[in-house]
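Peer 1: Taken in order, these protein sequences are the chains called S and C. Residue numbers for the first sequence, in this note's numbering: 1 to 1045. Residue numbers for the second sequence, in this note's numbering: 1 to 504.
It should be emphasised that the hints constitute simulated quantities derived from the structure, not laboratory data. The reader is advised that the hints may include incorrect statements.
Below, simulated SDA-like cross-link-like pairs (lysine to any residue); rule was C-alpha separation at most 25 Å, straight line [as the list claims (entries may be wrong)]:
#1 K524/S / D272/C
#2 K587/S / Q270/C
#3 K167/C / G872/S
#4 K311/C / T283/S
#5 K62/C / N588/S
#6 K587/S / A425/C
#7 K587/S / G217/C
#8 K381/S / T339/S
#9 K492/C / N954/S
#10 K694/S / A46/C
#11 K587/S / E284/C
#12 K694/S / E284/C
Reference excerpt, derived from the structure (chain S facing chain C, CB under 7 Å, subset only) [to be verified]:
#13 I297
#14 R300
#15 E593
#16 Q595
#17 Q943
#18 A952
Every residue, glycine too, gets a C-beta built ideally from N, C-alpha and C.
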Amino acid sequence: MKRTISFLVCLLLFGLTAIFAQDIQIKGTVTGADDGEPLPGVSVLVKGTTTGTATTVDGEYTLAVPSNATLVFSAVGYETVEIPVAGKAIIDVALTSKVVGLDEVIVAAMATGTPRKKLTVSVDKVGSEELELVPATSAASALQGKVAGITVINSSGNPGQGAGLRLRGSTQLTGTQDPLIIIDGVIYHGALAAINVDDIASYEIVKGASASALYGSRAGSGVLVITSKRGNIVSEGKTEIRVRNEYGFQQLSKKIDLAEHHPYKLSADWESVDTYTRYFGVTYPSGYQGGQSDELIGSRQIDYDAYMDNPYGVLYDYQDDVFTNGQFYTNYVSLANNTGKTRIFLSFENNKNEGIVWETKGSSRQNFRVNIDHNITDKLKLTSSTLFRVDKIDMPNAREATEYGGDEAYGGGQGSFIFNMLFMEPDVDLSQKSPLGYAFEDYYYLPNPWSEEIENPKHALFYEQREMRRRGIVQNLSANYELTKWLSGTADYSFDRGFMYFDRVRPKGYQAERETYIDGQLYKFSNEYLGQTFTGSLNVYKQLGIVLAKAKVAYMYENVKEANFGVTGNGLAAAEITSLDGVTGSKNIESWEGQEIARNYFGILDLDVKDRYLVSVLYRYDGSSLFGENNRWNPYYRVSAGYRITEDLKIPGFQELKIRGAIGTSGQRPGFDYQYETYALAQGNLSKSTIGNKDLKPSETTEMEIGLNAEFLNRVSLEVTASQSVTKDAFVAVPLSAATGYYAQWRNAATLEGKSIEVSLGIDVIKTKSVTWDWNFTFDRVRQKVKELDAPPFQVGPGANEVSAFYLRDNETFGMMYGYEWVKSLDVMANQLGTGETIEDYTVNSDGYVIEAGTEGTRAETPIALDQDGDGTNDFVKIADMNADFNLAFSNLFRFKNVGLSMLWHWKQGGDIYNVTKQWLYRDNRHGDMDCFDRPANEKKAQSYYQTLYSAANVNSHFVEDGTYLKLREMSVFYNVTGNFFQKAGIPFIKGLKIGAMGRNVLTFSNYSGFDPEVSAGSDLTNYAMDIYNYPNFRTLTFSLELTF
Amino acid sequence: MKTFNRYSLIFLLILGVATLISCEDLNVENLNNPDTERVLGSPDDARNLLEGSFLTYWQSFKQTNIHITSLVAADQFTCSWGNFYMRWASAEPRLPWDNTVTAANDQVSENFWIWSYAALSQVNDVIRLIQDGMEIGEGGSENNGMLAYGYFMQGWILGNIGLAFDKGFVVKEFSDLSTLEFLPYQAIMDSAVVSMENAVTYAAKGEFELSSTVINGLTVNDALISGLAHSFIARFLALTPRTKAQNDAVNWQKVLDHANLGITEDFGPQGDGSPYEGATWWDENIIYLENPGWARIDNRIINLMDPTYPKNYWADGVSQIVHSGLNPGEAQSDDARLLSDFEFLPAVDFRPERGYWHFSNYRLQRFDESMWLGLGTLYEFRAYENELYKAEAAAMLGQLDAAIGVLNNADLPRKLRGELDDLAAGASKDDILKAVFYERDIELIAQGFLLGFYDMRRRDMLQPGQYLHYPVPGKELETLGLEIYTFGGAAKADGVNTSNGGWF
């Protein structure tokens, strides 16, 4: 049956295209004057008659008219223009928009390009003007604070790493919540961080499952449609060259407060030395200057009071040492040319993002873009969009628990340079020379005689090389053939080919994890990806009386292949050799390959009745090799409608008021391995892994949304959307009893629920010829919960340090952290008194914790864990919710003549963070909280008090911190010199000059104690708000110079 | 029209051909991991699966860290670092075992549990296939060898579960997984002994020899399996007791009988290099127990060799009171192994605020070759251990001369490596047992699997509050929807699941 359907659709697409043909006499393209984007649906009428047409999806029209006629171009939200034909065969028009907000054209999620006013679902758009104010360092983080309902988390500042994205609530129980990303029609799999922003004409953000239904089984987490600039940004016959150079530096925004005192007893003559701390209980060899020595005798001892208020003999600040000011620069040049028949856009970007870590070079990236549009005939148009991307990241030392893979591999995690830098006692000279006999003289790897675990962060940073190189081609080739004025066919082939190569060299003599790599080690890993899609569609665009009908039927074929290959080689023949041929010891080899084939059929019909009643219906039927053998096909649908009230009812002050509603479904495909029964293969040996599941279905998110769009007072635009989604059949690796021999089985075992409210408000506060001031507010509030879990409750979280603090079970907020709680009031304590105790035996200490009365300030002072059921074990309770109460962003752009000033503020209210970094700093007596030196006597705490709170690294409420922040994410000041100036100056070929200064991640106001409250870890960066020794986010300040020719 | 014909034809051709080509099937094969059908599909593959079970299982208990945790709990080793729960497992007074799923230590017992059953399941699948008629080798010529090896693996895995946990599943080749229930450790041990007896039975049916890659560097044949099965039965019977009373009630004649039929050569694979450099056959426990900077030898062990040496680092070691003095100095002993197997380290880099009970100036250096290079034999069952079962059983049965004979045997380590004086001819049963356990503590240290822990347990010597065995891991209980329980801590010192005895 499936084959029959596909054959019929194939036949239909093949056959229908041959039937129609039509003549024309006058033609042209209508674009928006602001962005040069084609405007579909513009009414083109012969003045004084009813003869007319509407522009196509590409903004084009053809019309037979008398030679003396005048054409009237009108569209919602644009100034109407009248142009006499005067014998011309081609009339191109650029329409100027009337007011802010709702008039931009959206190409995503609907049958064809649709003005935002006529949308029936939620799609936001961020255009180039907004993006260019402060061009983001990459396409990954450009949307931060610009759109309601999108969560963008830069979990770390590591250049090239990218961000975690989530649109509205989560639709997956574990793993990434990233939306489907489409770049110029290509389903993009690579890193967004590898893509520049200067080329981007717009982002369209297809937020919920109903809006994204058009994209079916890959779009449950929404869709991000990125469109690059094309030759049509300049008018016909014109060529424009834009050159932009930006240069600046990057710096750490905030240091972590570390302890500068210790609890150990000092020797009586401790002040006689200033290169190390001389402790009581230790005999030092003569001439000892500090550092590792076999001749130390004895051990350190805790001082009587155990307060951390004893000074070190010498004090270093490793944060000053390890974090440096890095460079940032961008060189960008683009050329746009429009000959009418052919439109070309070429660009090149060179970007260097050095980051802030000593001895690492950060990322360098080159993007080349070639976008060509060519009209072979009036009816046959070819479009080609090509992006070549190359980037290279020199990464700092990281945990790499699972070799390459996972975000922690970018720099951070247990045992990484940052872990060692934070936990090294502050009296250790990191530039300490190695003892005789070591291959590397500098930065001895174990410089602290009192810790064999914390290694010299500089040893790894200096000697270990970790580099990732990525390259790829993203290409779309499209042919559109106009069969009749109202029917066209499109054939579209696209591919995304990506290659990633990771190379780690631990040279001969390199030491970490206690001398285990002294003979050197190579690790090389590559990943190759090829995703190809072919789409054939028929597009209808026809005015039928009062109804404008837009429809599309399409068939889409996807074929994705991916393969990994990795080799570890141990022992190097010679110091400088980094080839696998030079490996003298063992070599371990790993490989993996996977493929996906999918076939999708869909049809969509959008009806626009008298510009006011809007209806859209779609159906999609997806088949994928990733679905279990017994459930290879799954349907999706959407019904949406809108009503533009102000078209029927004049409301004073209102230019536009629309209500809309939609219900629809989309989903997620299972991972490649999910359906298969697997035996794990390690070094050729077999062991059981997961039980297969032939019934595995795609998960399905059904979403309902209602929305309101308004424009009023000629200067305010408002959009409000409320949505509710239910994701059924979410994937869960359901743990199995060990007795089965298998670890888990992937099942459709969870239902997730999401609710969100989004508000966007744009105000033209001042709108005069010389002064404009635009304000934009975005607000969102997202709630998500696990409605049902058809499996035993279990915990998830980022893998590092096995911190699984998020508890998944029926009817629980998704992102709720569980752990131990401390007793904070005597009322609570009264419920867990021991035999013979009274509440008088307890008191509340200066930190707000209940302790035994009389123990405050002594070694016996101990916070008491909550155990209300009296079973002798700590209660396992809710301790934190990582979901933000709300996000509010405020961007504004002020222009006075040629001077502009922009700012983007982002306020995240609430949303807890679990600070593992802080917890482990407690473990090692390194956190500033523990330093009692400057503290009043009655607030001093013994070191053991803090160790109780550390609690064997168990998740507990003491390390939950409020993640509220207010960030000045972006700021820019710029000055435009117009073409007139250069004309007068005798250099007319210069059309414009823009100079500016800009800042990214400029200021953060927060009570969070870590580097930055924007932090997370693991596979789900938007949900796992945990601080696990990450490479910190930093500030970038630059100057920019832009010339247009 | 001309234009239409040319270009539209090209367009239509591309559209049509691409559409038709792309209507392909949706079946994709997983080329990375085989499924059961493939793995158990042919006798050759089934053989590979069974033979590979040794490595799967080996890695399950040599690369999980329950061994390390248990040996610090048994005061053979000590460590103030938190890895593998060492800091808390050796804390004084003893703490309850944190069996919650979020506990920092959860993987210590959980990995061992899960991986053991995974290997067991692999073994059972192949035994079942053979018992159901699969022929391995021409006309089933290898069936008996495979079954002997398979039942040995089955018994070994089950026995280790019964020794370490209070209860568990007994899963065998024809078990119905849907009706499995937890059985107490005694029943598991009984079942493990039955499996070992099956191994003996099948080994007796004819000669066989497995590939030398099955256990790196060892020839696995009918004689080895038979000897091993007997030795393991002796070990299981002797080490099952949780208390001294239970130990006294062991059928020591049976122990003696099996030990007499046990191994005469050391059993254990050869290490093939450092795990950090890609080796397959390695023992992570040795790395962490020996490596300078990680665990150290508990003063209890040094005190056995030099009774003048403090049993605890300081007499007031429990109270964390600041003391004076630098370290207890080097121990002196008649036992040559003090110098050959242990190293004195003048400084202690442990954290004093975590308790002086962790402190020690000695580390084990006996297996440095294995630790640094990953080479040498990774001992799982020394022939000497088998000899010591003979001695212990003989002593328990009142055959004191026989027991003394073992201890005074000049070819065995007590004399050969320790260079100790002969045990007097009239030595008492207690003296003999003391010497046996001394040998077990000194000569067998860090070898086998949790031996030091089991030996302390069956002598009522584990510190008060020390759990006597591990509870079923919280994750398994959570998966089954059962309430999480645990053992350990002074409040639970019942002498059944938690120690109410002690050694100092």
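Peer 1: Look at each hint and say if it fits the structure.
Peer 2: Cross-check of the supplied hints:
1. K524/S / D272/C: holds, 22 Å
2. K587/S / Q270/C: It holds: about 19 Å lies between the C-alpha atoms, which stays within 25 Å.
3. K167/C / G872/S: Holds - the C-alpha atoms of G872/S and K167/C are around 22 Å apart, at most 25 Å.
4. K311/C / T283/S: holds, 23 Å
5. K62/C / N588/S: holds, 20 Å
6. K587/S / A425/C: violated, 57 Å
7. K587/S / G217/C: holds, 20 Å
8. K381/S / T339/S: Holds: K381/S and T339/S sit about 14 Å apart, inside 25 Å.
9. K492/C / N954/S: holds, 22 Å
10. K694/S / A46/C: Satisfied, since the Cα-Cα distance of roughly 24 Å is no more than 25 Å.
11. K587/S / E284/C: holds, 20 Å
12. K694/S / E284/C: violated, 38 Å
13. I297: holds, 4 Å
14. R300: holds, 6 Å
15. E593: holds, 6 Å
16. Q595: Since the shortest Cβ distance to chain C is 5 Å, the answer is holds.
17. Q943: This hint holds: Q943/S lies near chain C, its Cβ roughly 5 Å from the closest one there, short of 7 Å.
18. A952: holds, 5 Å
Violated hints, in rising order: 6, 12; the structure is consistent with all others.
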